Structure formats: structure tokens, C-alpha cells
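2 protein chains.
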Amino acid sequence: MDILVSEVGPRDGLQSIKRAMPTAVKHQWIRALADAGLKEIEVASFVPPKLLPQMADAAEVVREAVKIPGITVLALVPNMRGFQDAVAAGAPKITLTVSASEAHSMSNIRMTCAQAIESARRIVEFRDSLPAGHRPLIEVGVSTAFGCTLQGAVDEDFAISMAVQCAQAGADSVGLSDSVGYANPAQIRRMFKRLNAELGDKAGGAHLHNTRGQGLANVFAALEAGVDSFESSFGELGGCPVPKGATGNIATEDLVSMLHEMGVETGIDLDRLIEAAREAQRVLGRPLGSHTIVAGPVDWHRA
Amino acid sequence: MDILVSEVGPRDGLQSIKRAMPTAVKHQWIRALADAGLKEIEVASFVPPKLLPQMADAAEVVREAVKIPGITVLALVPNMRGFQDAVAAGAPKITLTVSASEAHSMSNIRMTCAQAIESARRIVEFRDSLPAGHRPLIEVGVSTAFGCTLQGAVDEDFAISMAVQCAQAGADSVGLSDSVGYANPAQIRRMFKRLNAELGDKAGGAHLHNTRGQGLANVFAALEAGVDSFESSFGELGGCPVPKGATGNIATEDLVSMLHEMGVETGIDLDRLIEAAREAQRVLGRPLGSHTIVAGPVDWHRA
Numbered sequence: 001m002d003i004l005v006s007e008v009g010p011r012d013g014l015q016s017i018k019r020a021m022p023t024a025v026k027h028q029w030i031r032a033l034a035d036a037g038l039k040e041i042e043v044a045s046f047v048p049p050k051l052l053p054q055m056a057d058a059a060e061v062v063r064e065a066v067k068i069p070g071i072t073v074l075a076l077v078p079n080m081r082g083f084q085d086a087v088a089a090g091a092p093k094i095t096l097t098v099s100a101s102e103a104h105s106m107s108n109i110r111m112t113c114a115q116a117i118e119s120a121r122r123i124v125e126f127r128d129s130l131p132a133g134h135r136p137l138i139e140v141g142v143s144t145a146f147g148c149t150l151q152g153a154v155d156e157d158f159a160i161s162m163a164v165q166c167a168q169a170g171a172d173s174v175g176l177s178d179s180v181g182y183a184n185p186a187q188i189r190r191m192f193k194r195l196n197a198e199l200g201d202k203a204g205g206a207h208l209h210n211t212r213g214q215g216l217a218n219v220f221a222a223l224e225a226g227v228d229s230f231e232s233s234f235g236e237l238g239g240c241p242v243p244k245g246a247t248g249n250i251a252t253e254d255l256v257s258m259l260h261e262m263g264v265e266t267g268i269d270l271d272r273l274i275e276a277a278r279e280a281q282r283v284l285g286r287p288l289g290s291h292t293i294v295a296g297p298v299d300w301h302r303a
Numbered sequence: 001m002d003i004l005v006s007e008v009g010p011r012d013g014l015q016s017i018k019r020a021m022p023t024a025v026k027h028q029w030i031r032a033l034a035d036a037g038l039k040e041i042e043v044a045s046f047v048p049p050k051l052l053p054q055m056a057d058a059a060e061v062v063r064e065a066v067k068i069p070g071i072t073v074l075a076l077v078p079n080m081r082g083f084q085d086a087v088a089a090g091a092p093k094i095t096l097t098v099s100a101s102e103a104h105s106m107s108n109i110r111m112t113c114a115q116a117i118e119s120a121r122r123i124v125e126f127r128d129s130l131p132a133g134h135r136p137l138i139e140v141g142v143s144t145a146f147g148c149t150l151q152g153a154v155d156e157d158f159a160i161s162m163a164v165q166c167a168q169a170g171a172d173s174v175g176l177s178d179s180v181g182y183a184n185p186a187q188i189r190r191m192f193k194r195l196n197a198e199l200g201d202k203a204g205g206a207h208l209h210n211t212r213g214q215g216l217a218n219v220f221a222a223l224e225a226g227v228d229s230f231e232s233s234f235g236e237l238g239g240c241p242v243p244k245g246a247t248g249n250i251a252t253e254d255l256v257s258m259l260h261e262m263g264v265e266t267g268i269d270l271d272r273l274i275e276a277a278r279e280a281q282r283v284l285g286r287p288l289g290s291h292t293i294v295a296g297p298v299d300w301h302r303a
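Just so you know, the protein sequences line up as chains A and B, in that order.
Position 92, counted from 1, in the first sequence is what the working numbering calls 92; the numbers after and before it change by one each time, with no gaps.
Position 13, counted from 1, in the second sequence is what the working numbering calls 13; the numbers after and before it change by one each time, with no gaps.
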């Protein structure tokens, strides 16, 4: 495997859809993704159900998902409370989000950027106090690293300094997120080169959106910068609340199709992945944004 | 202007839509595109109306379009007959298509690849025999250069040799077309580097599709190979007949948004371009594939 594709559809995709998916359907989807060869799946977000009723079953989803052999189950948490709940449910790897924009940080997790770093530090300390064998890996995603719908431009030095501080706080890896779909390939290449230079082994992956059709261009630019892990959502499930109707995460099958065509291995069975995405499309009853679930894989041509 | 964006929506986009657009609507769209700052617009295809009724008004469309100041009007032709008709209508620049796949060549223009080169040579000779001031520029697009839905894999050496032979036949420029949406960024970069090395000043642009969401990734790879001209379709108008329902050309506004965000100039007013695409969407009465007509431009952030 040359590249790790980290599937975030069951969390980021479903979080963006108002309708709450039954827990049994989530289980089916996660199993289908694991069967397609996905090695890492973000299955839930531990936030107050009042804020995000779609994720009210987070603990149950994690408890079921960790029974599936061969995958790393990821859960997203905004704070210590969420972290403790995710640990209790048995999540072996946990994603913390911080923002590179003060406005987004306040809006998303009700902390300043400095408070978010302090919160990350306390969470790492708590993790380290747990008994051996019960300490989840901690990955941080620096969101709005390439611009923010609330604040506008984001200072690149500040975004990198947030990543550095998270690594210093003890996170195992720190990636950059274009959670609003603003990034362009030149910026992606520049920023990930800096991230890799500053963080070394702790440099994490890219969380990219396809808001203006540039998602896979950003993947290609990130590959050139040495990024070896990408977050994506099967079916291009999900969307962005701003602006209304815009698409969200890059589609896992579009990502995998491009990587395989380039000769980059992922360990994923593209046909089975497409089938999983088509099943999600059937359940949701509306066309999803993924291109490859319409076009199918490139059958005849190999680079 | 750093990059030439060559708009092909009125030709390639409309050609792929079964419903024939009234000539007056085409005129309006072409004017709107010119008003948005597009410098080159492919407005029609000179093929037998029996084969392509959507293009039956090609001569009229060209005659009207050439009245618009500041744009280069392009017409596509499959053969000498089409070339003569395009010249008679006053097209100042004409695109000839040849294929890098024998199967596609026979299916598309009913010539072998060798016959297509010979046809190009005769067309250039005919052009050179015209009175000065009435000799259109001749650009060739080598289609299926990255793979073919009929033939499968296409030999890269053969595709490049087709381009070289077209240049030797006297074409002013020769580009490569991924008219079926098979290309991946690694291949695009490799092939355009070869094209530039072999053809020098005669190396033309990239005609790219977004069939599996990889269109702008291919643009970014082509930019790295030194390509400075791209064909795209406003609104992502059009589609690919194979497979059914798949999208076609890359969307002009997605391309322009990415280029501008990267700091690459096109001379195009993105807001007006988006308005032109939204108008086409209204006329067609169905959502088009373009992302930026949904998301709008990146207002706040500049790389």
C-alpha cells in the first residue's frame, strides 16, 4: 500500500446530512467499506446529541465497528468530554479538531485557538494516564487551514504554528483540513511541504473537499509534497453548509480511481467500493456527487 | 494573461446534448461568454446535419460570432468538406480532429489514422492556396490520446507520433485530447512533456474531461508540464455518450476559479462567466455538472 485512504463518510458525510441514518444502516455501510478494503474508517463524532442528533448513536457505532477485523476505527471529538466518551466506547484512534481561524474555533468548539491547544494538551495527558493497551492514538486535524468562510483569509504561518503546537502538545500526528473547500493546488503543495518539514514523522494527512471541483487537483499537489494519507467520503457523501448545495468531501472512489490509474496502490477493491457507494445512493434516494459511481472504473486503460 | 482558456461549450457541450438549441440562444450564449472575457470560443462543428442536427446552423453561428470584437472564433471540422464550409463561413481558426486509436478514427471520421494524417496534409495545402488574409489557422486535436472506449489502451508512442505527423503536415498547433475522460495526472504530465519536447512552438493545449472527477488534477499536471492553453465547457455543459450519464468536459468556471486562486491570470471575469453558466442552466432546466456555479467564487481567500 502506497497511500492510506481514510474513509470519513460515516462521520463527515452523515454529519452533513440532516436525516439521521438508522444505526443498523451505519453498521452495514461500515462493513461494506471494510469489505472493500478500507483500512481506516472514521465512524462517528462524539458531540452532544442536541447539537448533532445524527451522531447520537456514536458509542454504539464504535462498539460495533471495532469488532470488524483489519480496520482502524476512528472517532472525531471536539473536547475532553467527547474524548472520554470515545475512549469508553473503545475507539483505538481519535481525531481532535482545532481551527486555524479564531472565528471558526469559537463557532465550532467554543474555544479560542490557544484554548484549543491547551485542551489538546490536557487530552493527551489524560490519554497518557490510561492503562497501557487502552491509550488511543491521537490525530489532530487543523481545520480552516486554507481559508475560513467566517474569517476569510487565514494566515499560513498561523496555520502551521497551530500544527506545530499540537504536535508539541503530544498529538501523534497532525494533518491539515480544507474543510470549507477553499484550497488550491499551489497552496496545498506549499503548506504540506512546510508541514512535513516542521513535523517530520508527525506530519499527518490531507482532509480535502471538492467544493469547486478542485479536490483531486489538491490530492495530486499533496502527493507531490509527500502526503501519504487522504481523508475522503464514499459517494462524495455529505456536503458543506456554506454555501448551500455545495458538495463536501472528495469522493473516495474518485480518489481511488485516480490513484490506481496513476499506479499508486491503496489496497482497496474499487468495484466493491463503488458498489458500497451506489448502495448508499439507493438508501438516500438522490444522486450523490461522486463521478466514478456514474462513470464506473477505467476498465480498459492502465497507465 | 498567463493561460488561454479556450471555451468549447457552444460546440462540444451542445453537441453532446440531444436537444438542438435555437440559433438565437447560441448567439446569446456566445456573446455572454465573450462579455465574460473569453478570448477563444469554439462555436460550431461542420458535420453533416443528418449526423448532428444540433450543429445544422454552424455557418450562421460562425458568421454571427465573427462580428464580436476581441475573440477568436473556432470551428471544428472532421474533413475537407467541413473545412471548406467553415472557411466559407469565415472561421479564422479551425480545429481538425484526428484520433490516436484506429477504432475511434474509423468510428468518428471514417478514416484510418494514416488517412487522417493525409487528409490533414491536403487540408493544409488547400488552406495555403487561399488568398492571403483568408487563410485560417489550423489546430489539430489528437483525440483518444490517453485511452479509447472502443480500442482500450492507446500506445503513447503512437499518440505522440500522430501529433508529430500532424505538425509535419503543416498544422499550426497540435494538442492532446482526453475526450473520453481516461487520463490521469501522471500520464498527462508525461505525455505533455513529450509533446512539448517534440513539437516546440507547435505544441498545443489540453482538451480534458471530468468523467471521474480528475479533470482539474489533469489541468494541474499539465500546467507543470508547461501547457498554457486549456479547453473547457462553461457550466460543464455536455457529457460523454460512454458511459451513459457521465459528465464531459471540465467546467470553464471551475478551471478559471482554480487558476485565479493559484494566482494564474486568464483575463476572464469569473462572476460574469458564472452568470453565463447559470443562464445556460436555466435554459436547459436541469442542474449542470459545474461546481462553481453552485458554490460561487472564493470571495474571501486569495493564495
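Calculated directly from the structure, the hints in this document are not laboratory data.
Mixed in with the good hints, there may be bad ones.
Facing chain B, a subset of chain A residues (Cβ under 10 Å, in silico) [what the hints assert, rightly or not]:
no., residue
1, Pro48
2, Pro49
3, Gly152
4, Asp157
5, Ala186
6, Glu253
Just so we're clear, the structure is a prediction, and the values are computed from it rather than from any experiment.
The beta-carbon is built from N, C-alpha and C at its ideal position, and this holds for glycine as well.
Hints and how they fare:
| no. | hint | verdict |
| --- | --- | --- |
| 1 | Pro48 | violated (29 Å) |
| 2 | Pro49 | violated (30 Å) |
| 3 | Gly152 | holds (3 Å) |
| 4 | Asp157 | violated (14 Å) |
| 5 | Ala186 | holds (4 Å) |
| 6 | Glu253 | holds (8 Å) |
Of the numbered hints listed earlier, those contradicted by the structure are 1, 2 and 4.
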